[in-house]
Amino acid sequence: MLYKKKWPLLIFLLPGFLMMLIFLYLPFIDNIRNSLYDMTSIVKMPGQEFKYIGLDNYKYLFEDPKIRISIINSLKMMGLTIVFQIGIALILAIMVDSVKHGQQFFRIVYFFPIVISATAIGLVFQLFYNYKGGMLNQVMAFLGKEPINWLAPSMAFIMISIPILWSYVGFYFVILLTGINGISHEVYEAASIDGCSRFKQIFYITLPLLRGVICTCVTLGVTGALKVFDIPWAIVPKGAPQGLTHFLGTYMYEQTFTIGNFDYGSTIALLMVVFGIVVSWLVNKIIKPDDNL
Amino acid sequence: MIYDNIDYIIVMYEAVICCIDKENSKGGFVMSKMRKILAMLLALMMVFTLFAACDKKNDENPNVPAGTNGDSKDKDKQNTNDKDEKPNDVTLVTVSMYGGTDPNAENYQNFNAEFMAEHSYITIEDDSQSADQDWKTKIAADFAVGNEPDVIQYFTDANASDVLAADKFVSIDEIRAEYPDYAKDILDSALKAAANPDGVQRAVPTTGYWEGLFCNKDLFDQYNLELPTDWDKMLTAIETFKENGIIPIAVSLNNVPHYWVEFLMLSAAGPDEFAVVPEEAPESWAKGLDMFKTLRDLGAFPVDTDTIDNDLAGELFKNKEAAMQLDGSWYLGGIPDQDNTVLVSFPVIPGGKAQPGAMVGGISSGFYITKKAWNDPDKRDAAVKFVMAHTSKDAITTYWGGNGQAAAAVDPLDTMTPLGVSGLEYSSAASSISSPTDSRISQEAYNTLIAGIVDVSTGAKSSTDLLNEVLAINAK
Numbered sequence: 173m174l175y176k177k178k179w180p181l182l183i184f185l186l187p188g189f190l191m192m193l194i195f196l197y198l199p200f201i202d203n204i205r206n207s208l209y210d211m212t213s214i215v216k217m218p219g220q221e222f223k224y225i226g227l228d229n230y231k232y233l234f235e236d237p238k239i240r241i242s243i244i245n246s247l248k249m250m251g252l253t254i255v256f257q258i259g260i261a262l263i264l265a266i267m268v269d270s271v272k273h274g275q276q277f278f279r280i281v282y283f284f285p286i287v288i289s290a291t292a293i294g295l296v297f298q299l300f301y302n303y304k305g306g307m308l309n310q311v312m313a314f315l316g317k318e319p320i321n322w323l324a325p326s327m328a329f330i331m332i333s334i335p336i337l338w339s340y341v342g343f344y345f346v347i348l349l350t351g352i353n354g355i356s357h358e359v360y361e362a363a364s365i366d367g368c369s370r371f372k373q374i375f376y377i378t379l380p381l382l383r384g385v386i387c388t389c390v391t392l393g394v395t396g397a398l399k400v401f402d403i404p405w406a407i408v409p410k411g412a413p414q415g416l417t418h419f420l421g422t423y424m425y426e427q428t429f430t431i432g433n434f435d436y437g438s439t440i441a442l443l444m445v446v447f448g449i450v451v452s453w454l455v456n457k458i459i460k461p462d463d464n465l
Numbered sequence: 224m225i226y227d228n229i230d231y232i233i234v235m236y237e238a239v240i241c242c243i244d245k246e247n248s249k250g251g252f253v254m255s256k257m258r259k260i261l262a263m264l265l266a267l268m269m270v271f272t273l274f275a276a277c278d279k280k281n282d283e284n285p286n287v288p289a290g291t292n293g294d295s296k297d298k299d300k301q302n303t304n305d306k307d308e309k310p311n312d313v314t315l316v317t318v319s320m321y322g323g324t325d326p327n328a329e330n331y332q333n334f335n336a337e338f339m340a341e342h343s344y345i346t347i348e349d350d351s352q353s354a355d356q357d358w359k360t361k362i363a364a365d366f367a368v369g370n371e372p373d374v375i376q377y378f379t380d381a382n383a384s385d386v387l388a389a390d391k392f393v394s395i396d397e398i399r400a401e402y403p404d405y406a407k408d409i410l411d412s413a414l415k416a417a418a419n420p421d422g423v424q425r426a427v428p429t430t431g432y433w434e435g436l437f438c439n440k441d442l443f444d445q446y447n448l449e450l451p452t453d454w455d456k457m458l459t460a461i462e463t464f465k466e467n468g469i470i471p472i473a474v475s476l477n478n479v480p481h482y483w484v485e486f487l488m489l490s491a492a493g494p495d496e497f498a499v500v501p502e503e504a505p506e507s508w509a510k511g512l513d514m515f516k517t518l519r520d521l522g523a524f525p526v527d528t529d530t531i532d533n534d535l536a537g538e539l540f541k542n543k544e545a546a547m548q549l550d551g552s553w554y555l556g557g558i559p560d561q562d563n564t565v566l567v568s569f570p571v572i573p574g575g576k577a578q579p580g581a582m583v584g585g586i587s588s589g590f591y592i593t594k595k596a597w598n599d600p601d602k603r604d605a606a607v608k609f610v611m612a613h614t615s616k617d618a619i620t621t622y623w624g625g626n627g628q629a630a631a632a633v634d635p636l637d638t639m640t641p642l643g644v645s646g647l648e649y650s651s652a653a654s655s656i657s658s659p660t661d662s663r664i665s666q667e668a669y670n671t672l673i674a675g676i677v678d679v680s681t682g683a684k685s686s687t688d689l690l691n692e693v694l695a696i697n698a699k
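Line order of the protein sequences matches chains A and B.
If you use my numbering, the first sequence corresponds to residues 173 to 465, in order.
If you use my numbering, the second sequence corresponds to residues 224 to 699, in order.
Looking at chain B on its own, in the form it has when it is part of the complex (with noise of 0.2 Å):
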C-alpha cells in the first residue's frame, strides 16, 4: 500500500514539474519558487504517507469487542448467522505446527484443501512451520505486537508461557457456550491433558506424543546383540557396534539433546522425583547427566556429534549407519525401515530410581482460537469451523496414524506397520508417564540447559553446575 501511495505521488511530482518546466520558459522568479513550495509539499506529503500506511492496519485490525466496532459489522453479523445469505468471504490465518518436515505436515495442508472446497467463502493462509526455538520467539513476537494469527496449533505447557501472558486466546468454555458441539469428538482426560498451567482449557489436542528408544533390530541380529533392555545390554551393545564401525547412538550434541536429557535424568530420579523442580541441584539429575560423558567416552555418539544437526543425526539411523537413536512418536513414520525397527523401553541407568519402562509423553499442544478471530463476526464461524475441522474424530485418527496417544477415541487401524504396532506395546506398557523438563520450567532456563550439555559431554562443566545456573534462571 505504502508503494502504491508512493508511486502516485511520484507520478504527481513529475506532472507538476513538467508543467512548471514549460512555464518557466516564460520564466521567472515566481515559477522557481513555486518549484521549490511544490517539492517541499510533496516531501511532507510522503512523510505523511509512511505514517499514514503504518497507521493503516490499525484501521483494518479486528481486534475489537464485536459490538464496538460500527453497525456495518454488526449487520455482517447478522448475515453471517442468516442461513439464507452466502457469507461474507472470509481469510483466516492460522499457523500449525504441522509444517516442514513433520509426518502430519502433508495430512494438515489435504485438510486444509478439503475444508476451503467445502467452505468457499473461506481462504486458509497458512503459516505453519516445524516447531523450534526461533519460531517460538517469532510467534512470541506476533502475539505481543498484536500480529498474532486467528488459530494457532500451539503448546499448552510452560513452553506457551509467554504467549499465555498477552491473554489472546478464548477458553473453551467460552466457545461451547455458543457452538456447544466444540470439540465434542475429543476425550475429557485429553482436554485436561491440554489445559494450560493455570488450569484453563483453551487448546484442542489433536494427539499426544511418547519418546522412546528406537532401535535397528537388524543391526542387533547381524551382531547376535540382545536389544538394550538394562543397561549391561547397552554398554554391551555400544562396544560391539563402535567395534564393528556402526555408530551406537545417532544423536546431535550441539543440536537435539533433548530427548536424552529427559530419559538420563528421569532414569537416575525416578518419576517423582523427576516432576518436581527444586532450587539447588539434585543428585540424581546430576547423576543423570553425568551420564553424557562417559557415554561420550566410550565412543557411543557420531565423531562429529559437536556439529552435525538432528536431521542428520536421523539420516544415520535410518541409513542403518547408526544402531540407535532417542526421539518422539512424530519420529516413527518417517523412518522407511518399518519391519526392522522397534521401540524399546529406556534401560535404567546404574543407581536409576526410575522402574523399568518409565516414559518421557503426554499431550503438550492443541488448537487455540484467538480473541482477534473471536471478536471478529466474520471469522468467528470460520475459526470454529477451521478447528472442528482439524480436531474430528476423523483428521485425529489421521493425524494419529498409530503414532503416540489419540485425543479423541480412535478406532484401531489395521494399517499399522510392524514398527507402529511396537510403538503401540512400547506406550502400552509404560510403568509411568512423565511430561518432559520444558513443560516445567522457563524457556530460557530450559534452553540453558540444552546448551551446556556439550560441555556436561566433555567435561568442561560439570553437570551440577550446569543446573544450578538453570535451576538459578528458573527461579527469577
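This is chain A alone, in the form it adopts within the complex (with noise of 0.2 Å):
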C-alpha cells in the first residue's frame, strides 16, 4: 500500500485514459460498426444514411481470393520474421557480444536501418528492381546477361519480403544484445572454469537465460507482421503484380482508400486485430517463457 489513497492517481491516469479513448477505442467500436453498415462515403456526409448490411461483408471475406492470398502472405511472413530476422539478429547479437572492442560500432551500424524510413527504404529498393534502369539489371547488363523482370509473380513475393526482413533485423538484435548482456558473467567464467567451450556456452548458458527475450521478440515479431505496410506498398501497390504481393496490411488499405470500400476495408481491419489476439495468444502458449527462469 505504497498510498492510501488511490483516486489522486485516477486523475493522473485521466488525460492518457482520454487519449487512448478517443483515439483508439472509439475508433475501433465504430470500425466495428461501419463494417455491419454499406458505407458509400469515409464519413457520413450531414444527411446522409447508410444502408444496414449485416454480415455480408464477413460473408465475402470466405469468398474474397485476394483475402486468402493476403492472410498467406501474412502468415509467410510470421515465420521468415521469425526465422530470418529473429534468426539473424541472434546471430548478430551473440557475435557482436564475443567481440572485445567496437561493440557500439557494431550496435550502430545493425541498428541503422531502423532510423530510416520505411517509406525510403521502400523507394530505393524499387529503383533496384525496376526493370529498366534498375541498379540489379544494370549489374545484369554489366556481367552481360539479360535484364530480369524481378517483381515477376514468380519472384515478387520474395523481392518484397527482403527488404522488410533486413529493415528491422536491427530492432531485434538491439533487444537481443541487451539481453545477453543481461546475462552474469560470472556464469560464463564458472562455466569456462568448467572447461565448457565458447561454443556449448550459447547452448547451455546464453539461450536458455535468453528465452523470455526471445519470446517476447517472436511476439513482437509475429504481431509487427501482421502489420506489414509501407515497404511493400513503397515498392508495389496494390500488391502488385496481380494481387500477390498483398498483406493484410496493404490489402486493407488498398479496398478503403484505393477503391473506396470503406466498409470492406473496416472488416479486413477487424480481422487483423483479431488475428493479432490469436496469434499472439498462440505464440505464448507455444513458447511460454520459463517461470523457473
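Bear in mind the hints are in silico, worked out from the structure with no lab data behind them.
On a predicted model such as this, the values are computed, not experimentally measured, just so you know.
Any given hint could be a false lead.
[Said to hold, decoys possible] Only pairs whose alpha carbons sit at most 16 Å apart, straight line, appear in this in silico EDC-like list of lysine to aspartate or glutamate:
hint, chain 1, residue 1, chain 2, residue 2
1, A, K238, B, D678
2, A, K231, A, D210
3, B, K684, A, E235
[Stated by the list, open to error] Simulated restraints on C-beta separations:
hint, chain 1, residue 1, chain 2, residue 2, range
4, A, K272, B, K543, 55 to 63 Å
5, B, D350, A, F195, 21 to 29 Å
6, A, S326, B, E692, 22 to 30 Å
7, A, A292, B, D350, 19 to 27 Å
8, B, K543, A, G188, 58 to 66 Å
Glycine residues also receive a C-beta, built at the ideal position from the N, C-alpha and C atoms.
Given two chains presented individually in distinct reference frames, assemble the corresponding complex, making use of the accompanying hints.
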C-alpha cells in the first residue's frame, strides 16, 4: 500500500485514458459498426444514411480470393520474421557480444536501418528492382546478361520480403544484445573453469537465459508481421503484380482508400485485430517463458 | 495553441513546486497536502486545456451565416464594401488540381503570386495536388468534418458526388446576384457542361480535355509502319515493335489503365451504348475489356506493366522506348519531342460499334466557392476575386495553351507546337465526344473496375464477371 488514497492516481491517469479512448477505443468500436453498413463515403455527410448490411462483409471474406492471398502472405511473413529477422538478429547479437572492442560500432551499424524511413527503404528497393534502368539490371547488363523482371509474379514475394526482413533485423538485434549483456559474466566464468567451450556456452547458458527475451521478440515479430504495410506499398502498391504481394495491411488500405470500399476495409481491419490477438496468444502458449528462469 | 497552453501550465507547475519546496523545508504535512492538491489541479487543467484546444476552432469557425456572427463582422463587411477604407487582411485557403506534375501547376502558382501582389491584403494558403483517389478521399473527409477550403478546383461530375452531398458550395446564380461579372468570360456551353449531376451550376471551368492515342511518329517511320488508324495497322505495329525491342504500348495496368478501359469499351459499344449504365454487363463492354488479354498475349504492354506506375510508363514513351501511349490532353505539354509526336484517333476494335474518330473527353472540373468563404464577409469578396482571376480570358488562355478545350472564347495561339496542332486537329475531327465512365458510375464501382483490369488481362477473371461486380456495386 504505497498510496493510501487511490483516487489521485486516477486523475493522473485520466489524460492518457482519454487520449486512448478518443483515438483508439472509440474508433475501434466505430470500425466494427462501419463493417455492418454499406458505406458510400468515408465519412457520413450531413443528412446521409448508410444502409445496414449485417454480416455481408464477413461472408464475403470467405469468398474473396485476394484476402486468402493476404492471409497466406501474412502467415508466411510471420514465419520468415522468426527465422530470418529474429534468427539473424540472434546470431549477430551473440557474435557482437563476443567482440571485445567496437561493440558500439556494430550496434550502430546493425541498428541503422531502423532509423531510415520505411518509405525511403521501399523507394530505394524499387529503384533496385526496376526492369528499365534498375540497379540490379544494370549489374546484369554489366555482366552481359539479359535483364530480369525482378518483380515478376514468380519472384515478387521474395523480392519484397527481403527489404522487410532486412530493415527490422537491427531492432531485434538491439533487444537481444541487451538481453545477453544482462546475463551475469560469473556464469560464463564458472562454465569456463568447468571446461565448457565458448560454443557450448551459447547453447547451455546464453540461449536458455535469453528465452524470455526471445519470447518477447517472437511475439513482437509475429504481430508486427501482421501490420506490414509501408515497404511493400512503396515498392509495388496494390499488391502488384496481380495482387500476389498483398498483406493484410496493404489489402485493407487498397480496399479502403484506393477502391473506396470503406465497410469492407473496416472488416479487414477487424480481422487483423482478431488475427493479431489469436496469434500472439498462440505464440505465448507455444513458447511460454520458463517460470523457473 | 495547445502546446502553448501546456507549456504555460508546466512553467506554472514548476514555479509553484519550487515555492512549495522552499516552504517545505519549514515543512510539514500541510505543505505536502498542498502540493498534492496543486498537482491534481494542474492535471485537471491539462485535461480541460485539451478540450479547450479541440473546441477552440469552433469559436473561430466562420461557417455561419452572415449577420449571425455578431455585430463586429457586420461592421467588417461594411468596412470591406467601403472603398475608402483598406479591407481587412484575409487568408484564403485554396485547393486545386493544378499541383504535383500537372503541366499547369506553374501557371497556377504564377497567377496566385500575381493575385497576392495585386491584392496585398489577401494571403493565399494553397494546397494543390494532382488528383488521385487518395486526394479525393482526403477532400471528402475535409468536407465532412467542416475543414473544407474557401475555394476549390474540383470535379463537377459523379466524381464529386461525396463532396456535393455535403451541400457546401455556392451556386453561380447566387454569386452572380451579388457579383454580376462573375464567370463573365466563360462560354455558356462550358458552364452547362460543368454543371453538377443535379443540373445546378456551381463550378466555373477553365479547360476541358480530350483523351487520345499519342504516337512516336519517328519510331513508326523508322520501321516503315503506318500510324495505327485502324486495328490491322495497330496489330502490325505491335508485332513489328515487339520484334525490334520497342515496347508497343506504354501503360501501367496496375496504376492507370483508365484510358484503355474507356477507349476499348467505347470502341466496342459505340457512343450511345457506352453512355448508358446498364444493370447487367453488356456484351459490348465485356468485348472491349477482353481486348486487354488479347493485347497482353501479343506482348503489347511492357514486361513490368503490372508493377510500374503511370509516371514510369510515361517516361518509356517520352524516352522513345515505347511507341504508343493513351493519355489525356494534359499530357501533351509534358512531352519533350513536340515535333515527332502525333495524335491519332483510337482505332475501332474488330466488331466494334463506334465510328472512327470516337473520342473520350469533356469538361469535368471547375472552381467552386464554398459556403464557408461566402458566409464570411471578409473572405466572400476575396474568394470571388480569386476565382475571377483564375477564370478570366487571359488565365484560361494560359491554362489552355492549345491543349484540350478552353472554357472561354480564346484566341488561337501563334506559339502552338506541331504536337499542339496535331492535338487540335484530332479533337476537332472527333466524330463523337463521350464523357468517361467514372462520370456516370459511383467511385467505388469505378475503382473496382480499374482494380480488376490486371486480372482481366491475365485471364484470372472474366470481363463479364468484373463488369457484373462493378454494376452491382454501382446499383447499391
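Right, here's what the structure says about each hint:
no. : hint                           : in the structure
1   : A:K238 with B:D678             : holds, 11 Å
2   : A:K231 with A:D210             : holds, 14 Å
3   : B:K684 with A:E235             : holds, 14 Å
4   : A:K272 with B:K543: 55 to 63 Å : holds, 59 Å
5   : B:D350 with A:F195: 21 to 29 Å : holds, 24 Å
6   : A:S326 with B:E692: 22 to 30 Å : holds, 28 Å
7   : A:A292 with B:D350: 19 to 27 Å : holds, 23 Å
8   : B:K543 with A:G188: 58 to 66 Å : holds, 60 Å
Of the hints listed earlier, there is not a single one the structure fails to meet.
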